[in-house]
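Starting from the given sequences, assemble the full structure and let the hints guide the process.
In case you want the letters, here they are:
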Amino acid sequence: MKILLIEDEAALSDSILTYLREEGHTCELATDFRSAGLKADIYDYDCVVVDITLPGGSGLEIISDLKKKGSEAGIIIISAKNSLDDKISGLDLGADDYLTKPFHLSELNSRIKSIIRRRTFKGSKEITFQEISIVPEEMIVNVHHKPVVLTKKEFDLLIYFISNQNRVITKESIAEHLWGDDMDSADSFDFIYSHIKNLRKKLLEKGSEDYIQTVYGIGYKFAKK
Amino acid sequence: MKLLSKTNRYYITAALIVFLIGTGVCYFLLTRIMNEEVNEQLHTKAAAIKSDLDVMETIPEHFISPGDGASIKLYCNCTPSSTPEYLRDTTIYSADAKEDLTYRKYTFYYTPKRAEKQVSTYLITIKKALFEEDDLLIAIGKAMFFLFALLLLVMFEVNRRISKKLWKPFYESISRVEEFTVSQGDVLIFSPSGIQEFDELNHVLYEMTRKISEDYHSLKDFSENASHEIQTPLAIIKTKLELLMQAEGLKEAQLKLISDAYESAGRLSKLNQALILLTRIGNKQFSETKIVKFDELIRARLTHFKELIDHKGLVLDLNLQGGPEKEMNPALADILLSNLLGNAIKHNHPGGNMTIRTNKDEISISNTGVSVAQDPTHFFERFRKGDASSDSLGLGLAIVKQICEESGIVASYSYQEGIHTLLLKFQSASS
Numbered sequence: 001m002k003i004l005l006i007e008d009e010a011a012l013s014d015s016i017l018t019y020l021r022e023e024g025h026t027c028e029l030a031t032d033f034r035s036a037g038l039k040a041d042i043y044d045y046d047c048v049v050v051d052i053t054l055p056g057g058s059g060l061e062i063i064s065d066l067k068k069k070g071s072e073a074g075i076i077i078i079s080a081k082n083s084l085d086d087k088i089s090g091l092d093l094g095a096d097d098y099l100t101k102p103f104h105l106s107e108l109n110s111r112i113k114s115i116i117r118r119r120t121f122k123g124s125k126e127i128t129f130q131e132i133s134i135v136p137e138e139m140i141v142n143v144h145h146k147p148v149v150l151t152k153k154e155f156d157l158l159i160y161f162i163s164n165q166n167r168v169i170t171k172e173s174i175a176e177h178l179w180g181d182d183m184d185s186a187d188s189f190d191f192i193y194s195h196i197k198n199l200r201k202k203l204l205e206k207g208s209e210d211y212i213q214t215v216y217g218i219g220y221k222f223a224k225k
Numbered sequence: 001m002k003l004l005s006k007t008n009r010y011y012i013t014a015a016l017i018v019f020l021i022g023t024g025v026c027y028f029l030l031t032r033i034m035n036e037e038v039n040e041q042l043h044t045k046a047a048a049i050k051s052d053l054d055v056m057e058t059i060p061e062h063f064i065s066p067g068d069g070a071s072i073k074l075y076c077n078c079t080p081s082s083t084p085e086y087l088r089d090t091t092i093y094s095a096d097a098k099e100d101l102t103y104r105k106y107t108f109y110y111t112p113k114r115a116e117k118q119v120s121t122y123l124i125t126i127k128k129a130l131f132e133e134d135d136l137l138i139a140i141g142k143a144m145f146f147l148f149a150l151l152l153l154v155m156f157e158v159n160r161r162i163s164k165k166l167w168k169p170f171y172e173s174i175s176r177v178e179e180f181t182v183s184q185g186d187v188l189i190f191s192p193s194g195i196q197e198f199d200e201l202n203h204v205l206y207e208m209t210r211k212i213s214e215d216y217h218s219l220k221d222f223s224e225n226a227s228h229e230i231q232t233p234l235a236i237i238k239t240k241l242e243l244l245m246q247a248e249g250l251k252e253a254q255l256k257l258i259s260d261a262y263e264s265a266g267r268l269s270k271l272n273q274a275l276i277l278l279t280r281i282g283n284k285q286f287s288e289t290k291i292v293k294f295d296e297l298i299r300a301r302l303t304h305f306k307e308l309i310d311h312k313g314l315v316l317d318l319n320l321q322g323g324p325e326k327e328m329n330p331a332l333a334d335i336l337l338s339n340l341l342g343n344a345i346k347h348n349h350p351g352g353n354m355t356i357r358t359n360k361d362e363i364s365i366s367n368t369g370v371s372v373a374q375d376p377t378h379f380f381e382r383f384r385k386g387d388a389s390s391d392s393l394g395l396g397l398a399i400v401k402q403i404c405e406e407s408g409i410v411a412s413y414s415y416q417e418g419i420h421t422l423l424l425k426f427q428s429a430s431s
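These protein sequence lines map, in sequence, to chains A and B. Everything in the first sequence is counted per the working numbering, starting at 1 for the first residue and increasing by one. Everything in the second sequence is counted per the working numbering, starting at 1 for the first residue and increasing by one.
Don't read these hints as lab results, they were simulated from the structure. One or more of the hints may lead you astray.
With a Cα cut of at most 20 Å, we get these calculated EDC-like pairs of lysine to aspartate or glutamate [what the hints assert, rightly or not]:
{"id": "1", "chain 1": "B", "residue 1": "K240", "chain 2": "A", "residue 2": "E9"}
{"id": "2", "chain 1": "B", "residue 1": "K425", "chain 2": "B", "residue 2": "D361"}
{"id": "3", "chain 1": "A", "residue 1": "K87", "chain 2": "B", "residue 2": "D334"}
{"id": "4", "chain 1": "B", "residue 1": "K306", "chain 2": "A", "residue 2": "D190"}
What follows is the structure, given as structure tokens:
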């Protein structure tokens with residue numbers, strides 16, 4: 001997938017690019033308003049990740065230009081301002097999502113994938129990981145073609161895991177992914193643990209291998225052993 | 001002590017001293033004048049007697065012992081070598097007045113100038129009653145006292161009226177300053193009073209409040225900007241650590257280090273976000289309002305928390321009796337309830353109780369939990385935690401308080417027999 005990252009902070013864009021490239025995406029970087037506008041105008045991307053405050057202009061303008069052009073690209077805003085106004089105006093312009101800095105790379109990755117899924121495959125694409133297959137739109141999970149009944153949270157958790165497969169995922173990012181910002185993460189770790197326990201149990205019962213590994217002190221990793 | 005009573009006190013002291021000196025001076029002047037007057041009268045009389053003796057052949061009987069206290073005695077039929085004269089004060093008991101009266105006696109010798117050979121010299125004594133000094137003193141004292149009292153009375157009244165009028169602009173300024181709140185962002189502007197001192201005071205107050213407002217706002221802007229600027233480096237730290245933990249072959253000890261650093265960066269970022277939120281509420285950046293139906297909101301929030309409540313095995317007692325409906329910012333109402341419900345879950349013990357009651361003017365959220373040693377009045381302050389070792393930020397209730405203050409809700413906390421209760425009082429529902 002082709003992704004354009006518009007971000008002026010070099011250290012931050014470095015990390016994002018590294019993470020996304022390891023996912024197999026083709027990523028390009030624009031560090032200011034002018035070059036971002038040029039790139040967005042010339043090339044077609046599957047997803048554009050855009051910072052609002054840029055040297056030379058506002059990321060919001062780039063979004064409206066993209067939309068005027070009729071671009072099919074999914075758009076994610078990343079902003080240091082947790083401002084409701086920015087969020088609303090961004091989403092009104094046609095952005096798909098809004099992430100406040102600092103965010104978890106795993107969260108950004110999972111949102112990019114979800115947007116690409118929705119935009120490119122109209123949500124009908126099956127996600128598969130070994131013997132597990134998921135139809136996100138219909139909330140169906142099969143292991144060896146046998147359905148597994150999951151709760152909404154367990155389902156979200158599984159998709160989050162698979163989106164960030166082979167990556168170490170922190171407890172904090174899981175907590176925020178499932179609960180949003182207003183949840184005191186430390187309080188919900190225990191709760192996450194029980195969700196993961198249930199998810200693992202349900203998958204194992206249907207004959208799946210155990211892919212959920214605990215990473216000491218940090219969180220989890222969803223990977224084939 | 002009021003300024004008026006203070007000045008009055010000084011006035012009274014000064015007036016008292018002046019009047020005492022005045023009484024003394026009056027007394028001495030009057031006695032002196034009267035003394036001179038008596039002496040003069042005695043001398044006049046003596047002169048009259050002398051001229052009478054000059055023309056008279058013999059001294060008439062009534063002249064020898066005249067009723068007015070004069071006496072003329074034949075001294076000798078010669079011309080004394082010296083004819084001394086003297087003035088002397090004596091006290092004579094008066095049967096009429098039944099007291100001793102003071103007289104001035106003038107005694108002198110006189111040889112009439114007649115064309116006779118036989119020269120007689122007379123010893124003449126005349127006297128005159130003196131005004132009694134005690135009486136004089138009392139009279140002067142009375143007069144002075146009356147004047148003094150009159151002066152004070154007039155002075156008090158005049159002072160009272162003047163100060164009422166003169167100090168009016170001063171009291172106006174004071175009440176303006178009392179109403180001044182820096183967070184409202186306004187500057188005190190006074191109308192000119194026409195009195196230089198007060199105008200100077202007003203000007204200083206104006207300059208001061210302007211400076212305070214300015215500093216306050218620049219500080220506010222600064223803290224908001226600083227908080228935003230902090231977010232970017234934090235984002236960098238977090239993403240770098242996230243990348244680092246993806247590295248192959250990390251040992252447990254290294255993972256622990258990364259995890260601790262990551263956790264702290266996360267905490268810092270949450271803290272920062274909470275502070276930004278507090279600043280933004282204070283800056284009135286949540287100005288859009290609509291009618292918030294709190295019963296509905298509570299139900300919606302509880303759905304969000306339901307799994308967590310179930311997970312902790314809490315027994316929920318929900319008693320919604322047509323809760324408040326208030327015009328306020330919906331985002332703030334949401335944060336308010338999330339914080340309160342989150343607290344009631346977080347500070348509860350597993351299997352505890354959680355009670356939510358509402359009526360038209362109140363929402364009460366209570367939960368079981370361990371008692372806290374701290375003074376409940378400090379609960380709403382920033383960075384106050386019931387348990388110092390807890391990893392909560394200590395900003396939750398500060399945010400609650402700030403939202404309540406902005407929205408005209410009164411929040412209070414109480415603890416009784418193992419139950420923590422947070423009560424929200426809505427002054428006027430749906431106003």
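Practice prompt. Give me the numbers of the hints this structure contradicts, sorted from smallest to largest.
Written response: Violated hints: none at all, because every hint is consistent with the structure.
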